[in-house]
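Let chain A serve as the given structure and place chain B on it in line with the hints.
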Amino acid sequence: MRFNTFRFLVKEGVRSLRQNLFMSAASILVLVSCLLITGCAYLVYENVEHAFDWAYQQNVVVAYAKDDVTGERATAMKTELEALDNVAQVEYISKEALLERYKDEFGELLEDLEADNPLQDAFVISFEDLGLFDKTVSSVKTVEGVDKVDYDQALSQTLVKVRRVVLTVGVWVIALLLIVSLFIIANTIKLTVYSRRREISIMRSVGATPWFVRFPFMVEGIILGSAAGVVSYGLLFGIYEVIRQNFTFSSSLELIPFVAVWWQLLLGFLVGGMITGVLGSTVSIGRYLKENTD
Amino acid sequence: MIEFRDVHKTYETGNEALKGIDITIEDGEFVFIVGASGAGKSTFLKLIMREEVATSGEVVVSNFKLSKLKKRQIPYLRRAMGIVFQDFRLIDTMTVFDNVAFAMRVVGASHREIRRRVPYVLGLVGLQDKSKNFPPELSGGEQQRVGLARALVNNPSLIIADEPTGNIDPELSYEIMELLTEINRRGTTVLVVTHDHELVKSFGRRVIQIQQGQVVSDSKEVPHEV
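Residue numbers (our numbering), protein chains in the order written: chain A, 1 to 294; chain B, 1001 to 1226.
None of these hints come from the bench; they were simulated from the model. Heads up, some of the hints might be wrong.
[Said to hold, decoys possible] Some chain A residues flagged as far from chain B (calculated, every beta-carbon gap over 12 angstroms):
hint	residue
1	A25
2	M203
3	P210
[To be verified] Derived DSSO-like pairs: lysine-lysine, alpha-carbon spacing no greater than 27 angstroms straight-line:
hint	chain 1	residue 1	chain 2	residue 2
4	A	K66	A	K11
5	B	K1220	B	K1019
6	B	K1046	B	K1019
7	B	K1201	B	K1068
8	B	K1065	B	K1019
9	A	K290	B	K1220
10	A	K290	B	K1070
11	A	K148	A	K190
12	B	K1071	A	K190
13	B	K1046	A	K290
14	A	K11	B	K1130
15	A	K290	B	K1071
16	A	K290	B	K1130
17	A	K135	A	K148
18	B	K1220	A	K190
19	B	K1046	B	K1068
20	B	K1220	B	K1201
21	B	K1132	A	K11
22	A	K95	A	K141
[As the list claims (entries may be wrong)] Going by beta-carbon spacing under 10 angstroms, a handful of chain A positions derived as facing chain B:
hint	residue
23	R2
24	N4
25	L9
26	R204
27	S205
Using N, Cα and C, we set each Cβ at its ideal position, and we do this for glycine too.
Pulled out of the complex, with its shape left as it was, chain B reads as follows:
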């Protein structure tokens, strides 16, 4: 569960990025966060990942009260979530297999667990045949699926995708979104930040729109028209 209670965030530069956000996202939901660039989407994500701390208000993520979270607990908060980046953030000098295994090694998984789990997750995203390839040999869509596999491999209860289709051809974007939907169907909470309105519309999920640091619409609270 993700909960924002009257959250304000003002950067040291004086930039008021968030002005009183109140949102609750339950376990197992699939939510789109939309808004123009500079609306506060990135700050919203950074607060969830605890890359930034709220100036006032409370953020709760998977039972972690972030205002009270100690620095050394941050890694454990991050292990509860899988993050998919717009620029994929793969390590080019590692194979697809090692890129995915990397996330498991970081949390101290054993050799056996890695050998069992990585091929399974690569199978989920349809890349079982590419495990020995290096990221630069793959298409953008495939690279993002590697990113998704890496986010999934530690079996997090929450997946955060930051503009996951931003660098991918539109036809392949749907593929990624289908995968995210499938993941959600298996019980994982999925949070997708995007400015691609077409994509959002076609999926008919809960949409939270942020504008100038405030929530201007939330389709959960406004009943579906038509």
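Same shape as in the complex, but just chain A:
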């Protein structure tokens, strides 16, 4: 295609947008709301993932060594534990170190216990996949020298369930909204196609190829889509940051900052907006040309 022709076609698309300013603005607005909800769904998902990571770190299993385990054996146990399937990390805390920690917390209450330390050597173990919790716990128990294992099974199972639900709901919400957006764009373009049917008939009578007729409408769709993308990105950024900075849910678990996902969202919004724009316009102009074929 000549650059000259390309420029003309882009101009035609922009002209059409301006002639249907009200409809264009309306469809950008509706598209913005769709993208906003999609963006919210995504942010909720990211935050749940973030909370999940945090919970992973909290949700550790503590294995205590039997009293007769020596320092040498303890080092060997650590290696054995690390070699188990699904074990992410093992931290060894000797009973002396453990006592020091408690003393920091409880102070003088625990003075003079060094001579007869009642604590046991401990291994703090974190898992890779909480879904395999039970299996991993039983294999931890089989390691020689392990006395008892402390863990919170209910918490880990709840977390796994919550994550699955959030993921499923998120995917469905996003898919549904994409379809809605597609219809909105298709409808807007249908109206502009209708208002420009005279031009289309002139184009065809002077020998324009169907592709040439379509192009300005695709430009229109791309502009609508990307404009909606930029607007909703800005809005989402503002709203989310206000929420994040003014509400704290817990001191140890915070909402992720927007900048942590800024480019994923920008890319998603722009690409999502443009794809719905192009698809929507292609669908409606295609249908119009088909209904009015020679």
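Showing chain B alone in chain A's frame:
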């Protein structure tokens, strides 16, 4: 050249618009097609422009066999002809210049070609001073001359005018017809569909009369009386 060989056209509604048309129009001819409304004139034109396809028979336009024409070739058939409409079909939000240039842009003409050719064609139809005006600012006759300029701008070998004077004052109609005659003199085939018998008579050209889907008279075959 336009050739109709035993062409029938029956619409899906059952309406038999054309019942066996046999016509040959040679390159460079000036032909009037006349007939009352509903006689089949519009269908005749639609077949030439390939807006409709003949139910049986063969239509040949500028070496395109229309029954075998593929859909994607239709734009190229249309580029071989210029069409003038009764309702002008101008784009009101574009200047006269852009309306004419539009037809060139559609076929991918360059900026330079457009800048050279459009003023020339506007000069041919006597509108060189109106190129920056918008169609609603012009009279009906002037608007139709813009339509004619647009039909001419791609230098087609065939001009089809569908009731070109239907929406214009009678005095201005002659102007349009004179222009069409001038275009024909330069070698372009001109086909004018009209029901204005006075106009037709005064020009003394070949006249094909269609009635109820058939050719009832063709002045080429019936030698001129007087």
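Self-check item: Broken hints, by number
Solution: Violated hints: 2, 3, 4, 7, 9, 11, 16 and 18; rest satisfied.
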